[in-house]
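Listed below are the residues making up each chain.
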Amino acid sequence: MAALESAAIDRTFREESGRAIATLIRHFGDIDLAEEAVQDAFLVATEKWPETGLPPNPGGWIVTTARNRAIDKLRRESSREERHAHAVELQAQSEPDPVEGPVSDDRLRLIFTCCHPALDTSSAVALTLRLVGGLQTPEIARAFLVPEPTMAQRLVRAKRKIKAANIPYRVPADADLPDRLGSVLTVVYLIYNEGYSASSGDALLRTDLALEALRLARLLADLMPDEPEAIGLLALLLLSESRRPARTASDGSIVLLTDQDRNRWDRTLIDEGQTLVKACLRRNRPGPFQIQAAIAAVHSDAADANGTDWGQILQLYDMLMVHAPTPVVALNRAVAVAEVDGETDALSLLDDMHLDGYHLYHATRAELLRRMGEVDAADDAYCEALALVSNEVERRFLQERRRVNSAR
Amino acid sequence: MTQYMLSVFDDERPEDLPADVLEKIYADVDALNNEIREAGAWVFAGGLHPADTATVVREKNGETVVTDGPYAETKEQVGGFWVIEAPDLDAALAWANKATVACQGPIEVRPFQDEPEA
Numbered sequence: 001m002a003a004l005e006s007a008a009i010d011r012t013f014r015e016e017s018g019r020a021i022a023t024l025i026r027h028f029g030d031i032d033l034a035e036e037a038v039q040d041a042f043l044v045a046t047e048k049w050p051e052t053g054l055p056p057n058p059g060g061w062i063v064t065t066a067r068n069r070a071i072d073k074l075r076r077e078s079s080r081e082e083r084h085a086h087a088v089e090l091q092a093q094s095e096p097d098p099v100e101g102p103v104s105d106d107r108l109r110l111i112f113t114c115c116h117p118a119l120d121t122s123s124a125v126a127l128t129l130r131l132v133g134g135l136q137t138p139e140i141a142r143a144f145l146v147p148e149p150t151m152a153q154r155l156v157r158a159k160r161k162i163k164a165a166n167i168p169y170r171v172p173a174d175a176d177l178p179d180r181l182g183s184v185l186t187v188v189y190l191i192y193n194e195g196y197s198a199s200s201g202d203a204l205l206r207t208d209l210a211l212e213a214l215r216l217a218r219l220l221a222d223l224m225p226d227e228p229e230a231i232g233l234l235a236l237l238l239l240s241e242s243r244r245p246a247r248t249a250s251d252g253s254i255v256l257l258t259d260q261d262r263n264r265w266d267r268t269l270i271d272e273g274q275t276l277v278k279a280c281l282r283r284n285r286p287g288p289f290q291i292q293a294a295i296a297a298v299h300s301d302a303a304d305a306n307g308t309d310w311g312q313i314l315q316l317y318d319m320l321m322v323h324a325p326t327p328v329v330a331l332n333r334a335v336a337v338a339e340v341d342g343e344t345d346a347l348s349l350l351d352d353m354h355l356d357g358y359h360l361y362h363a364t365r366a367e368l369l370r371r372m373g374e375v376d377a378a379d380d381a382y383c384e385a386l387a388l389v390s391n392e393v394e395r396r397f398l399q400e401r402r403r404v405n406s407a408r
Numbered sequence: 001m002t003q004y005m006l007s008v009f010d011d012e013r014p015e016d017l018p019a020d021v022l023e024k025i026y027a028d029v030d031a032l033n034n035e036i037r038e039a040g041a042w043v044f045a046g047g048l049h050p051a052d053t054a055t056v057v058r059e060k061n062g063e064t065v066v067t068d069g070p071y072a073e074t075k076e077q078v079g080g081f082w083v084i085e086a087p088d089l090d091a092a093l094a095w096a097n098k099a100t101v102a103c104q105g106p107i108e109v110r111p112f113q114d115e116p117e118a
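As they're listed, the protein sequences go chains A and B. Sequential numbering from 1 applies to the first sequence in the numbering used here. Sequential numbering from 1 applies to the second sequence in the numbering used here.
The hints are simulated quantities; they were obtained by calculation from the structure and are not laboratory data. Check each hint, because a few of them may be wrong.
To give a feel for the contact side, a few chain B residues facing chain A, derived at Cβ under 7 Å [as the list claims (entries may be wrong)]:
no.: 1; residue: L48
no.: 2; residue: H49
no.: 3; residue: D88
no.: 4; residue: D90
no.: 5; residue: P111
We treat Cβ as the ideally placed atom computed from N, Cα and C, and that holds for glycine.
Using the sequences and the hints, build the whole thing.
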């Protein structure tokens with residue numbers, strides 16, 4: 001019974017701490033104070049809630065308890081600060097909590113602050129998971145395969161920069177919003193990707209990370225319903241997540257999209273994802289995440305790999321190259337070209353790319369050459385890919401493909 | 001309000017730039033200076049003579065050591081700087097954006113520590 005309560009308390013805190021921290025930052029203007037206060041409230045909850053049960057409004061309980069802790073702490077500081085602490089207390093007590101609505105949601109302010117362009121990507125990712133997601137530092141460290149002190153230092157440094165450089169706690173002005181939103185969406189996407197990649201690490205933790213990213217994407221879509229890219233990201237993550245049950249074989253090895261048992265795809269997620277993609281198409285304000293979601297939707301439409309509308313996918317990649325002309329997008333487009341125009345055309349596209357350090361570039365070349373029956377050239381390409389791959393599960397997959405190629 | 005130093009980095013010596021480029025930079029920086037003053041953000045600013053006019057002073061074993069040349073022996077040197085006052089980093093970055101266009105080079109934005117209480 002006690003163990004069950006503990007899990008329920010943990011889960012409640014994970015769900016509510018983001019909003020609580022965000023609210024307290026607005027009250028006190030200090031991230032560390034807010035974080036500590038919410039952590040203190042968590043400790044109080046672990047003592048009291050097993051007896052009293054979950055309060056009817058856990059979020060409200062956490063904010064009230066944390067706020068009182070913060071006020072106590074400010075009071076305890078040196079006497080020079082006393083007047084300041086009293087003034088803050090008076091303000092905190094008299095200021096009513098604003099009506100929660102999309103525009104006034106403190107979590108939006110918090111996400112934009114964590115993802116401010118003045119913070120590098122790894123700091124933004126760590127901070128978002130810690131403050132908005134409510135993950136503990138050790139969990140984040142394990143997820144990114146980084147020692148805990150390193151992750152702790154990363155978080156400390158990021159918070160110090162926010163304070164010292166005076167990064168403002170607000171949602172950006174309309175003129176700046178598209179760019180700034182792009183960074184936020186990219187951070188959430190990176191978190192999802194980290195959780196998506198098959199890894200020899202903690203599989204359970206990886207799933208947790210992907211679900212956390214999905215939760216953040218939902219939050220953003222709820223808070224910014226007028227931003228089609230936020231809807232696009234959610235659609236993309238839903239459609240990607242729908243394939244999880246089919247993506248790994250029982251021995252943990254990778255199953256390519258073309259080989260996946262589509263009966264194992266999650267239809268509920270697909271339906272939701274496709275509905276969102278259609279809504280985005282109607283708005284006709286395309287952007288990179290929406291287009292990637294549309295590509296995923298075309299795959300989801302096909303009952304089997306042979307039924308895939310590669311022509312439409314190629315058109316979407318052409319569009320994506322306009323919005324996000326990156327080498328990786330070009331590489332993925334070449335895969336679509338292979339399906340529509342044949343391997344030779346795709347290979348000549350690849351020959352003009354400069355992705356020699358990227359294992360998937362060589363893996364793609366290898367696959368195309370293999371399909372053309374160029375056994376030796378394919379083998380060379382597999383070797384180049386294997387020399388660069390760092391992920392154990394991917395390595396085993398490439399070795400198997402190489403073996404199949406040589407067995408001809 | 002926070003004070004920020006906006007440092008201008010040259011990776012080319014100013015005397016190596018073509019005259020018309022140099023002239024445009026001076027004119028653009030001049031215009032920006034007026035804008036900063038009018039906005040009430042101005043604290044201080046100035047252009048520095050090239051790095052080879054610098055002198056470094058150090059203390060070693062109780063003795064003063066004087067060396068000719070800049071401290072950092074790098075290709076990139078500080079060519080000048082602004083000290084501005086801004087409500088937050090976003091405002092400072094907006095000024096830095098104008099500065100990097102005017103100077104045609106990177107600008108480092110760094111916050112000052114709060115003045116110690118008197």
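(request) Classify the hint on D90 (chain B) as holds or violated, based on whether any CB of chain A lies nearer than 7 Å to its CB. (result) holds, 6 Å
(message) Does P111 (chain B) hold up as a contact with chain A if the rule is Cβ-Cβ below 7 Å?
(response) holds, 5 Å
(message) Can you verify the interface hint for H49 (chain B): is its Cβ closer than 7 Å to any Cβ in chain A?
(response) violated, 29 Å
(request) Would you settle whether the hint for D88 (chain B) is holds or violated, based on the nearest Cβ-Cβ distance to chain A being less than 7 Å? (result) It holds, given that the least Cβ distance between D88 (chain B) and chain A is near 4 Å, below 7 Å.
(message) Given a cut of 7 Å on the nearest C-beta pair, is the interface hint for L48 (chain B) held or broken against chain A?
(response) violated, 24 Å
Against the hints set out earlier in the document, violations occur for numbers 1 and 2.
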